[in-house]
Amino acid sequence: MSKNLTINLLSGYQENEDALFAVNLAEAALSKGYGVKIFLYGNGCNLANQEHPVQGASHMNARLQAHMDIGKIGPRLEKIAAMGAEIATCHTTEYGRGTEGDAYRVGIKWGDVGQSFTKFLLTSDVLLTFGH
Amino acid sequence: MLFLLNKTQPDTIGLIKLLGGDVDKEVLLTQDAAFYATSSMQDQFHQAGIAHIYVAQDALETRAIERAPECQVVDYDRIVELVMEEHDQVVCI
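Note that the protein sequences, when read in sequence, are chains F and X. Sequential numbering from 1 applies to the first sequence in the numbering used here. Sequential numbering from 1 applies to the second sequence in the numbering used here.
Same shape as in the complex, but just chain X (with noise of 0.2 Å):
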């Protein structure tokens, strides 16, 4: 399962948690939700069991933010891929 998210807000790990359940999990960060390729978002996402992290280059490179190695960089052909092909379902929050 592949959660898009677009923006920061309050428990984002506690929503993907609750909604992911025990299957495997990964994230694409985009706009706003960039703020979470830092490297103190990483921990949580791993504790919540998110297996891959990706984040939008657009966001990252318009927010200057200095991204998590763990955290891949994507490009929107690799976004259609994502969410067109490599996952079952996709949850945007």
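So here's chain F without its partners, still in its complex pose (with noise of 0.2 Å):
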């Protein structure tokens, strides 16, 4: 039987790599037949939700935007759902972020510590932490 890695993911957009080096990592773990699953907790909730298309104009130019579009990592992480990670949020963190109830991206469900996290760590051989 392959083995389980749980990337516990604290980070969200922008504001470091770990999400980037989480979903790289995942994408590689994948790829050699582990199994993967990614708890979305902290700001790393962020990452859970389906994004808000912008109204009007948007105030960036296209280089600013190719640059932030980079850490946007939430459409690889329906990819790596789609490989068969197990993704989870904490609706705790989401709520304290006001965003509790919002729509999940394909693949990402609604979670917490508790049950979700839990099971991920009882189900898992390797838990890394990524956070600032």
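Treat the hints with care, as some may be off.
Derived CB-CB ranges, DEER-like [claimed, not checked]:
no.: 1; chain 1: F; residue 1: 101; chain 2: X; residue 2: 21; range: 19 to 27 Å
no.: 2; chain 1: X; residue 1: 86; chain 2: F; residue 2: 109; range: 27 to 35 Å
no.: 3; chain 1: F; residue 1: 31; chain 2: X; residue 2: 88; range: 37 to 45 Å
Computed far set for chain X versus chain F, every beta-carbon distance over 12 Å [as the list claims (entries may be wrong)]:
no.: 4; residue: 17
no.: 5; residue: 20
no.: 6; residue: 21
no.: 7; residue: 24
no.: 8; residue: 39
no.: 9; residue: 40
no.: 10; residue: 42
no.: 11; residue: 44
no.: 12; residue: 50
no.: 13; residue: 52
no.: 14; residue: 56
no.: 15; residue: 59
no.: 16; residue: 64
no.: 17; residue: 72
no.: 18; residue: 93
Hints in this document: simulated from the structure, not taken from any laboratory. The structure presented is a predicted model; accordingly, all values stated were derived computationally and were not measured. All C-beta atoms in this analysis are idealised placements derived from N, C-alpha and C, irrespective of residue type, glycine included.
Hey, can you piece these two chains together into the complex? The hints should help.
This is the structure:
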């Protein structure tokens, strides 16, 4: 039976490279046949939701927008969920940020520490926590 | 024991020594911790008993860091092997 990796991701978009590193690592692990679970905790919960389209014109130029898009790894979370990763978020940290109840990206599930994260831990061989 | 570093912080070496004790220690440098891949840090790592130092290729290239020769450059496939197969304990700091 293949080993399972759980990534506890505490960082969201843009603030650092944790999310980008986590997704790159998850993709590589899935490609090698490992199981991957990601718990979006703290600011990481901001990655769970579908984005709201900009209403009207954006005030960014194309170059700045391209730079900001590097850190937008939400679509890649959907991709690794489709590859078999289990991804859950924490509704309490969502509540604290005013996003509880917002629509999730495809493949990302409502979650909590008491059950979702605990289940991840009980079924994992390696736990990595990425935060700053 | 593998220490996965994602940032620079005061007394990183002291923290590794405190958490790692006398066990065999290796270090994987990612994100801003790639700045520790420069030559000036290597003596401190060796004095702390760290046997091997790995640095993530993307972090190194993004920052255009000139690494010390003893730092081994690794891609994500190799990082997966280090984390999932080659160490009983992985500590993120």
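Structure-based check of all given hints:
The given range of 19 to 27 Å is broken by residue 101 of chain F and residue 21 of chain X, whose C-beta atoms sit roughly 46 Å from each other. Checked against the hint of 27 to 35 Å, the C-beta distance between residue 86 of chain X and residue 109 of chain F comes to roughly 31 Å, which is consistent with it. In this structure the hint that residue 31 of chain F and residue 88 of chain X lie 37 to 45 Å apart at CB is violated, the actual value being about 24 Å. Separation of residue 17 of chain X from chain F is adequate, the least Cβ-Cβ distance of about 21 Å exceeding the 12 Å criterion.
The Cβ of residue 20 of chain X sits about 17 Å from the closest Cβ of chain F, beyond the 12 Å cut-off, so the non-interface label holds. For residue 21 of chain X, the shortest C-beta to C-beta distance to chain F comes to about 20 Å, beyond the 12 Å cut-off, and the non-interface label holds. With a minimum CB-CB distance of about 18 Å to chain F, residue 24 of chain X clears the 12 Å threshold, and the non-interface call stands. Listed as a non-interface residue, residue 39 of chain X keeps its Cβ farther than 12 Å from every Cβ of chain F; the least gap is roughly 24 Å.
Against chain F, the non-interface label of residue 40 of chain X holds: every CB pair exceeds 12 Å, the least being about 23 Å. Every beta carbon of chain F lies more than 12 Å from that of residue 42 of chain X, the smallest distance being close to 23 Å; the non-interface claim holds. Against the 12 Å criterion, residue 44 of chain X stays outside the reach of chain F, whose nearest CB is about 22 Å from its own CB. No beta-carbon of chain F comes within 12 Å of the beta-carbon of residue 50 of chain X; the shortest separation is about 19 Å.
Non-interface call for residue 52 of chain X relative to chain F: holds, since the shortest CB-CB distance, roughly 18 Å, exceeds 12 Å. With a closest Cβ-Cβ approach of about 8 Å to chain F, residue 56 of chain X is found to fall inside the 12 Å limit, against its non-interface label. Distance to chain F contradicts residue 59 of chain X as a non-interface residue, since its nearest Cβ pair spans about 8 Å, not more than 12 Å. With a least beta-carbon separation of about 16 Å from chain F, residue 64 of chain X lies farther than 12 Å from that chain, consistent with its non-interface assignment.
Residue placement check: residue 72 of chain X keeps its beta carbon more than 12 Å from all beta carbons of chain F (closest about 17 Å). For residue 93 of chain X, the requirement that its beta carbon stay farther than 12 Å from each beta carbon of chain F is not met, with the minimum near 10 Å.
Violated hints, in rising order: 1, 3, 14, 15 and 18; the structure is consistent with all others.
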